[in-house]
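Mind assembling these two chains? They're in different frames, but the hints should get you there.
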Amino acid sequence: MSAPAETTEAPAPARASEPRGAPLLSVAGVKTYYGKIIALKGVDLEVNEGEIVTLIGANGAGKSTLMMTICGSPQAREGRIVFDGRDITRMATHDIMRLRIAQSPEGRRIFARMTVYENLQMGAAIDGNAHFDADLERMFELFPRLKERINQRGGTLSGGEQQMLAIARALMSRPRLLLLDEPSLGLAPLVVRQIFEVIRDLNASEGLTVFLVEQNAYHALKLAHRGYVLVNGLITLSGTGRELLERPEVKAAYLEGGR
Amino acid sequence: MEVFLQQLINGLTLGSIYGLIAIGYTMVFGIIGMVNFAHGDVFMVSAFIGLICVLLLTTVLGMSSIFLILAITLVVAMLFTSLVSWTIERVAYRPLRGSFRLAPMISAIGMSIFLSNFVQVAQGPRNKPLPPMVPDVIVLMERNGYQVTLAYKQLIIMAVTALLLVGFWWLVQKTPLGRAQRACEQDRKMAALLGVNVDRTISLTFVIGAALAAVAGVMYLMYYGVVNFADGFVPGVKAFTAAVLGGIGSLPGAVLGGLLIGLIETLWSAYFSIEYKDVAAFSILVLVLIFMPQGLLGRPDVEKV
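Chains as they are written, first to last, in the working numbering: chain E, 1 to 259; chain B, 1 to 305.
It should be emphasised that the hints constitute simulated quantities derived from the structure, not laboratory data. One or more of the hints may lead you astray.
Straight line, CA to CA, 30 angstroms or less: simulated DSS-like cross-link-like pairs of lysine-lysine [unchecked claim]:
(1) E:K222 / E:K251
(2) B:K174 / B:K189
(3) B:K189 / E:K41
(4) B:K128 / B:K277
(5) B:K128 / E:K147
(6) E:K41 / E:K222
(7) B:K189 / E:K31
(8) E:K222 / E:K31
(9) E:K251 / E:K41
(10) E:K36 / B:K189
(11) B:K189 / E:K147
The shape of chain B in the complex, shown without the other chains (with noise of 0.2 angstroms):
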């Protein structure tokens, strides 16, 4: 009782950094019905972003509230996360559109493969750490010498993440830039008709998955302090999976298959093996694959023509 609950903690708090990114994923899909492989990678480099700014504004400013540095290195990596994605979107994909169904995703792979290269060039290929920010824990309960704990920082990955949500939920439902979005989503023809600038619409959506990606990235190098150039590829096709089982194009899907993935790999590891813990998260992806590829919110497409 006391690990499982323990392991729910855990696996909530891991799963709310794959809904994040998942979400990303999830909203690219579903506007121009691509997977940005590059994704996972842009959250690799939003978690650099993230290191390089907390030290700067550790060592060099000498900044020592965490809750100061935290907000900062968020709408830093947030911005320059954006900025990043925009490119990519620019160069890489906008190009290609019109092009045959592939190419973009091909290309996705290349900057993919670019992105990671580039930080293990620029920032050297080992592990960089980053001294612990938040330690303090708190003891919820505690039986038989077994101590159920929640992290502060946990709880602040909870926090950011369920206010983030929000803010979003907003963004997509009740603003005229979210409205646009998802009638982009349904028929980009018909947007443009209604006078809706597409691309610019499309170039939002990656700028907005990104900056979801740059919180993602921030809280992943909180929560585990290191962080290493190959480090986009694994939680990005475990967010793909959380997508994938949400319902791509989803946006609750995402969140919901986010949060289940992140219990599914810490109770795997809890129960039965944590070197296969990977292998779990990925069966699931074979398994919703084939035996439910539109996911659990995925939309079964019954709507009059």
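Next up, chain E with everything else stripped away, as it sits in the complex (with noise of 0.2 angstroms):
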């Protein structure tokens, strides 16, 4: 059941000065199929509250699979999914989002004929809107593009605003643990790094939680406390961003040009 992780070599260190109880998400060989094929052949990872976690892997690798797994959608076969404490594994996926995880999914999937207000207002559907507009003054100054394009469709922005939308749509529940999947995807560097810092700034200032996919290893795991590899829907490799980014498996596989 546990994966066979090749070369693990740190256990896997949280921040020094953190002290460690139970991780506040925690996948245990779970394995997914679509139909008869397998995806997922038996994962295991931990994220623990206040870190950021990469995961990154080539196309194919099952990177998207897992974030929907943790989402019940689809459900994993077999394993299970912790998230607090709680099995996850068998709950249908709205319940999930609402013990407070928020995904980016991949593709963004920003409600096309909805305006952007809309779309937010959707994001923090789960408490009805408590804290909408004190949470709303929040997104627009984390992305000032939002304002200018509040009542514009989300169809018409642009890829990157799209982004900011997704993820911004993601922060209106006020996760507790934020899945970010391939946000850097088909965005300009610049639009990237924004985006990062973004992530990175929410982290330090107010502990939020992020498991973030990349294939942009490079940036992801310099942004990242800990990641993981994933290679035909197993983790190969395990470790503190700095650590994986000086294997030479990791440079060589998906560093070159990377950067």
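Shown next as structure tokens:
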């Protein structure tokens, strides 16, 4: 069941200063199938409160599948996913999200025929928009572009704006765990840097826990406290972001030309 | 001119009824991509519920205030019809979600046959008449012995429809439920990722569609004063035509399509042939599907993904 991690020399350290309790999210032996095709072959990983954890891997490795499996869509066929001490493996997607996990998914999935404002309202839907106005102001501070576009339809935004909206929409639910699936995909380097800065700031100032999936391995590993490498549905490496950046396998497979 | 004006009034009345039914088709299609063929029969069932309610109120309780009777009947018909539609979705459609695309549609045809046959057995196959409820008319103008009239019941139908549409528009555009519904319509998976209970939202869509159809059913009953177990089919298909004409999936389109089909049908009856009025309506369906499948207000789907 447990993933045959090829080389795990450093036992995934958390930030030195923090006491380690139970992880906020733990994924153990998770196998996910699409029909008869196996996409995740027994994944184990942990995300601690207050951490930024990055998962890197090639196309088709199962990164997005893992993100969606955490959210119960599709559900894991085997293994256990525990969030904040609660087994969420068999819970319905909307119930999982109500535990304050938020995802900015692959492809952004902005509601194209809704305005930016309505998209953000949807983000805050789980608590009936109770803190909506205050949170909206916060999003405008983080992403001033959204303020200019507030009454525009989601489908008319540029790719970068849509990505900002997707992240803002996820943040509107005041998540305890933010799942970000390839926020840099298809964006100009400047926008990528801006988005990564927002993530770092939120983590530093509010202790937001982030689980980030990226192909842009260099920036993602620099940003993260810890990272995992996913190959063909299995975790093959793990360690701190810095350690992974130094690994020859990582350099060869993910960093050539990656900066 | 007088004939035209009169037919305009008649057409708008009929069109209101079609529009109310068409919303149910278009909403369900929008959210789960399925044509709910049982919707016409849900409309028919609502007319029967209305009939029973009116008879109970007048004969058993001896009520005489027409407006009170009408109001109570509307509420009762909306409640029961919603329940019927909710049950149908739960029993006949939800278990088939995730199955192949045609499965729920075939199930819907089955539900349609079931409903009309059930009413035939339970209520008998003959026309069920109702004593005329609101017989008064307003004479708008008179020329050469031809009166253009607006019946009170036509006025009621148009007013109730307009009021309902405003409320409905508010529900869809301004409330969290309407927002969740539109979100599910665009991307069910993403809606779930934002904590929306998709199954519940779909159920509520059926309930809202049925409630509007129930209003149409009671209006139909009041207008024609008679209802029959087979009355779900033709108005149902015409309302479906209206939804297609307006652009299936589009709510304003459904209302516009309903009004247009109502007008086309009555004008055709007045100027050409009343026997061929159904042919006129259904020719529209064929023509729209061939030449303009996205309908009048349908979305062209050019959004950036």
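Hints and how they fare:
1. Using a Cα cut-off of 30 angstroms, the hinted pair K222 of chain E and K251 of chain E holds, with the two alpha carbons roughly 13 angstroms apart.
2. A distance of roughly 22 angstroms separates the Cα atoms of K174 of chain B and K189 of chain B; the hinted pair therefore holds under the 30 angstroms criterion.
3. Only pairs whose Cα atoms come within 30 angstroms are accepted, and K189 of chain B paired with K41 of chain E is accepted, the gap being roughly 24 angstroms.
4. The suggested pairing of K128 of chain B with K277 of chain B holds, with an alpha-carbon distance near 23 angstroms, which does not exceed 30 angstroms.
5. Using a Cα cut-off of 30 angstroms, the hinted pair K128 of chain B and K147 of chain E is violated, with the two alpha carbons roughly 60 angstroms apart.
6. Restraint check for K41 of chain E and K222 of chain E: the C-alpha separation of about 27 angstroms stays at or below 30 angstroms, so the hint holds.
7. Taken as a hint, the K189 of chain B and K31 of chain E pair is honoured in the structure, with Cα atoms around 21 angstroms apart against an allowance of 30 angstroms.
8. The straight-line distance between the Cα atoms of K222 of chain E and K31 of chain E is roughly 29 angstroms, inside the 30 angstroms bound, and the hint therefore holds.
9. A distance of roughly 24 angstroms separates the Cα atoms of K251 of chain E and K41 of chain E; the hinted pair therefore holds under the 30 angstroms criterion.
10. Proximity of K36 of chain E to K189 of chain B is assessed by CA-CA distance (about 22 angstroms); at most 30 angstroms being required, the pair is judged to hold.
11. Distance hint between K189 of chain B and K147 of chain E is fulfilled; the C-alpha atoms sit about 26 angstroms from each other, no more than 30 angstroms.
This entry does not satisfy hint 5, going by the numbered hints stated previously; all others are met.
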